[in-house]
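Participant: Please take these sequences and the hints and turn them into a complete structure.
Residue numbers (the working numbering), protein chains in the order written: chain A, 1 to 114; chain B, 1 to 774.
Computed beta-carbon distance windows for the label pairs:
1) ASP22/B to GLN23/A: 39 to 49 Å
2) ASP141/B to ARG16/A: 26 to 36 Å
3) ARG49/A to HIS764/B: 31 to 41 Å
4) HIS764/B to VAL42/A: 38 to 48 Å
5) ASP22/B to GLU8/A: 57 to 67 Å
6) THR749/B to GLY45/A: 46 to 56 Å
7) ALA444/B to VAL42/A: 45 to 55 Å
8) LEU410/B to ILE48/A: 46 to 56 Å
9) ARG16/A to PRO417/B: 42 to 52 Å
What the simulated footprint calls covered on chain B by chain A, stretch by stretch (three residues with Cβ under 8 Å from a Cβ of chain A suffice, anywhere in the stretch; the number is not a length):
10) 103–110
11) 209–218
12) 247–254
Just so you know, the hints here were simulated from the structure itself, not pulled from any lab data. Source: prediction; values computed, not measured. Where is the CB? At the ideal position from N, CA and C, for every residue including glycine.
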Amino acid sequence: MPDVGRYEVLVEVRLRPGIADPQGATVERALPALGFDAVHRVRVGKAIRFEVDAADERAARSVTADLAGRLLSNPVIEDTEVLVCRPVDGATVASGAVAGAHDVHTEAGSGGRP
Amino acid sequence: MEPVPSENPAGEALHRALGLTDDEAAQITAILGRPPTHVELAMYAVMWSEHCSYKSSRLHLRRLPTEAPQVLVGPGENAGVVDVGDGIAVAIRIESHNHPSAVEPYQGAATGVGGILRDIFTMGARPIALMDPLFFGDLDDPRTRWLVEGVVAGISGYGNSVGVPTVGGELTFAPGYARNPLVNVLCLGVLPVDRLVLGRASGAGNLAVLLGSLTGRDGIGGVSVLASAGFGAEAADDAKRPSVQVGDPFEEKRLIEACLELLDRHLVVGIQDLGGAGLACATSETAARGGMGMDVDVRAVPRREDGMAPFEVMTSESQERMLAIVAPADLAAVQAVCERWEVRASVVGTVTEPAGAAGAAGAVGSGEVVTGATTMSAHPPAGRLRILDGPGGAVLADVPAASLSDDAPLYQRPLAPPADLQQRRSADPAALPAPSDCTSDMLAMLLDPAWVFRQYDHDLLLNTVVGPGGDAVVLRLAAPGLPPSGKGLALSTDSNPRWCSVDPRLGTELLVAESALNVACGGAHPVALVNCLNFGNPEHPEVMWQLSEAVDGMASACRALGIPVVGGNVSLYNESGGADIDPTPVVAVLGVVERLERVPPSVALADGGTIVALGPRTTGLAGSRWAVERRGHRGGALTPWDAEEHARLLGLVADLVGRDGLLQGVHDVADGGIAVALAECALRSGVGARVGGIDGHGELFSEAAGRVLVCTADPAAVEAAAAGAGIGARVLGRAGGDRIVVDGLVDVTLAEAAAAWRGALADHLDPSRDPATS
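Facilitator: Set out below in structure tokens:
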């Protein structure tokens, strides 16, 4: 398994399409006062960066999508997307703590609420 | 112009998917004289949903007494309004936001607060207080904890930001609410009597101006889907999620100020908030109330999203929007006010003549009889609501405006008492074995709600004289723009699903009695009542029986005490997995303190004071927390009350509370009986008590109505006043020391009781949300 290792990931959590975004609307309304009058459709979300040990990139993405849906976001009003998933240079991983060695649920929003 | 038939004519499946029955769909066709278009069908579906039309409950609600000299506006408008003297009126309304809060607790509760605020300032009143009765399942359930934390955070997040104090509420935990929490929200507003406005469109040619937020797909179908269908499997909850509405308290704050300025300057002829059913409701109701019609240009509605269909625009429940009716000459001034408050204002429609007068504008006021001959419907002459696709564009909908509300179906649903009613009533909890020591039962019933209300800013506006945690909230009657007044307002929200489960009729009577007594403990006399009727599935005959009984109980108690019902809300289909919630009518009584000259005595004891019990002695335990929660016994017959004696008690208590320095503490005997009332007085003041002469656990835990504990340095004066009022008064013991002792029944240190009291809620919930710990 040549790809086993540690992966750097960046997850975006954003309001689902169509959900009102008062914060984004406020930013958009304030921008023209600073001369930025060509900015439209502002949406404010959050980005979360961490590293994950996984058997391969696919497994790293999968576990990231799962945890993003269950902990990092409120699936009632938010979507998540894994924006970046790439190997961390030179990192080695002990076996036994590797995501992808077992089945991982990939559907975001499948859980997260008790 | 004839409406353009929808290209995909509304079929059977469509009206059912929208929640309309076959009969209802047929009725729509009969009203229109043709099949409805998509837009029409969507508007009827939301307006005829249970949530908007009260189709199951209206027949029963008519039995409530709604008239009194002080009532300026009764049920049916956005809020009830009563004249409290000094040229000041008070607007009050309570609503439920149960189903949205079950799906997304933070936004569900937050938008509930936003909606009730708009109902109040729509009437021209400045909102000055919010209260929130909340009902959840047991705290052992992690989902309940998630719901509690989300709902409380949503209420505080919105209320604190918008600048209106959340001054109190109710908190009930019972297993029946586990999957269907109840979130009721109440708002109180004040206005100079002459600023009172009603949501009416008048004057053909006047403009309908949409104020506030952009329109998105928020809550599309939310009213009919979310509020009018029970919760089934978990998967169904997921499917309902896209219609969550998001609140924006800062937009609401701007909207409040803009609307009140528009009303102060007489720049609008009518104003209406947008709530359930959105524009469809606001346009049809303003037009119908004014006896006018309205043309709405759906393209003129500013949108947040691309590609919205006209039916989505008309039924969207996007928050923080109002519809103002403006004379064309005032439009520029209205726009200037809105610009100053950074509120968007868009002309979306025009008021039109009622049918029959159309095309005969010159005839207005000429006294000509309008014949109203129309082949499209059997309606008397009335305005039509037309939805146009651009000015002069295609007619997407053309309906009699009043038909959306007035012609909504009215159901006399079958009702029947539960089959085992007599059996349950005859199972008296007096037969339960007496506890050898009542201390542990008392401790288990103590619960300090401070974890909840510490998250609310209850001192905003600086009118709060008595905040959360006592019997009634007491507020100064003051706000910008009001004439000066030395009066105060007292307010209490009350519920008791245990009583109402045992006997919905008598339980609701006792509820009204208790709420009025709470207000008396604030030194006030009751002037109005609003209610929020939370019940299960109205298609179950037992639920309809509960509703009918509760209405009769409320009517009878309100008549006996002379309190008019000025508004209400009905929330049905509160069920999960086929199990209905216990009947949960919530009442809120508003009282007036004629001269608020000092802070009234609170729930407290003073060292050395004498503890006196006012009211009758009782031992009945049916429906009590001791029987239901501690022993799992849900039967028996509630202890009846004497309404005439209760009315005298109300006067006595308000009189004692108003006397300078006579009372050191006052608390009505309610949940948990004398035991919990005494413990709460002791715990809130840090002063112990020793009392005696209590007739066993029955008298200790009985929750029968009409009893009050007072602490006084002058018991002779209290007893004399009670004798004058014909109310029983009995010295129970003295305040002092560091123990709570009821001779032969309870003996516990204050410290141990305090640990049980404080920990009951806080130990289960997120400590980071409690400002007291940070």
